[in-house]
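Construct all of the structure, not just a fragment, from the sequences and the given hints.
If you read the protein sequences in the order shown, they are chains A and B. In terms of the working numbering, the first sequence opens at residue 4 and continues consecutively. In terms of the working numbering, the second sequence opens at residue 5 and continues consecutively.
Derived pair list, reagent style DMTMM-like, types lysine to aspartate or glutamate, alpha-carbon separation capped at 20 Å: (1) A:Lys-172 - B:Asp-37; (2) A:Lys-124 - B:Glu-129; (3) B:Lys-72 - A:Glu-186; (4) A:Lys-159 - B:Glu-81; (5) B:Lys-72 - A:Glu-146; (6) A:Lys-159 - B:Asp-148; (7) B:Lys-74 - A:Glu-186; (8) B:Lys-123 - B:Glu-145; (9) A:Lys-159 - B:Asp-85; (10) B:Lys-108 - A:Glu-105; (11) B:Lys-84 - A:Asp-161; (12) A:Lys-175 - A:Glu-105; (13) B:Lys-108 - A:Asp-106; (14) A:Lys-76 - A:Asp-106; (15) A:Lys-172 - B:Glu-106; (16) B:Lys-72 - B:Glu-38; (17) B:Lys-84 - B:Asp-148; (18) A:Lys-159 - A:Glu-193; (19) A:Lys-172 - A:Glu-203; (20) B:Lys-40 - B:Glu-129; (21) B:Lys-108 - A:Asp-78; (22) A:Lys-136 - A:Asp-78; (23) A:Lys-159 - B:Asp-119; (24) A:Lys-76 - B:Glu-106; (25) B:Lys-57 - B:Glu-156.
Derived from the structure by calculation, the hints contain no laboratory data.
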Amino acid sequence: MLPSPLKRIGQPRRVPHLMGGPPMPHNAAPSADGVVRAPRRVMAWPCAVLAVLLFCGSARAEHFNIDLTVTGKTDSASASADTSPPAQGRHPRPVCHAKVGEDLVLQFFFSSNFPHNVLHKVTVRFYVAPEKKAAQDAPADRENAVTQGHFVMDFKPDTGKVGLRQRLKIDKPGVYLVRVESENSDSDHEHFSAIDLVVE
Amino acid sequence: MIRWVAAGLLLMLYAAPAGLRAGPFVISLEVSDEAKKQTAQLQPAAKANAIVKRPSLKAAAGARFTAKWKVSSGSKELMKDVLVHFYVVRIDKPGQMPPPLEPKSVVIESALTMDFAAKDITSGELQFRPLGAGIYLVRIEAQDPAQPREREYFAAMDLVVK
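Here it is as structure tokens:
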């Protein structure tokens, strides 16, 4: 079962592993044969170069972390943050399959990854809206959205966040775009996460 | 005469429930379908097993609702890491206090955290469809972690779906 937004957002001290707290020590875990081995020595300087490159990439990139999930009875899909422009982002959208009338759960967590200052009056908008086909570049038909909504809030550096969990059913077969996005984030690009939902 | 009026106003203010006196948050909630709407404002806290009188909206099953809420600071002090929590949950009878938020009973739930300086505002607008006929509690609440847990600031209404 997906965690409640309150549990994940409102009680960070109780669930630090969900809130980006210190990771479990992976190098002490048993390997496939069940034996716990000491971490292997690796060449230090290539790792350092790789770490610097990765750090530069992530430092350049994102103001927000996004986790978007759609869960049905037999299928689910998750997506993380992408950026626009281009309008449809840089990564292909995951696809989730569902039946007409099936119980679906939409969930997202949208959190600040920007360390410098408060981002004021950011709009976080989400919707589930029909589209003609999966992976289409054209915008979805938000006039006929199955559900939609938005929040307007200030994002505190690194710790500001918003989450939502919603149950819904879709009555008509078709392809739907599930998308959560930022607006007015005081940047030259906006952030979003999206999934194609195919209802048969 | 003016003295008597002033004294009366002071007496009314003193007699008002604690939750209605000037608090750290100003909260409003509006729920509407295509035909009608209902509003609620900041309400006083009640005991866990109490049945309270609060605004109510009646609607037909299958209707789509829009909830609009707004939480703003009514304090001059900075309030840090305030949790703003909204939910729609199925309940047994009108006026019932919030039940545990079991996933099977919750239609929609959201939570956000932010700091509130004087006059800061956050707002939300969310569409939802109830899970079927029944009674639902629609509630927006703000919790300042610097205040005792039992101090609740919220606005709520019943949604009766037939």
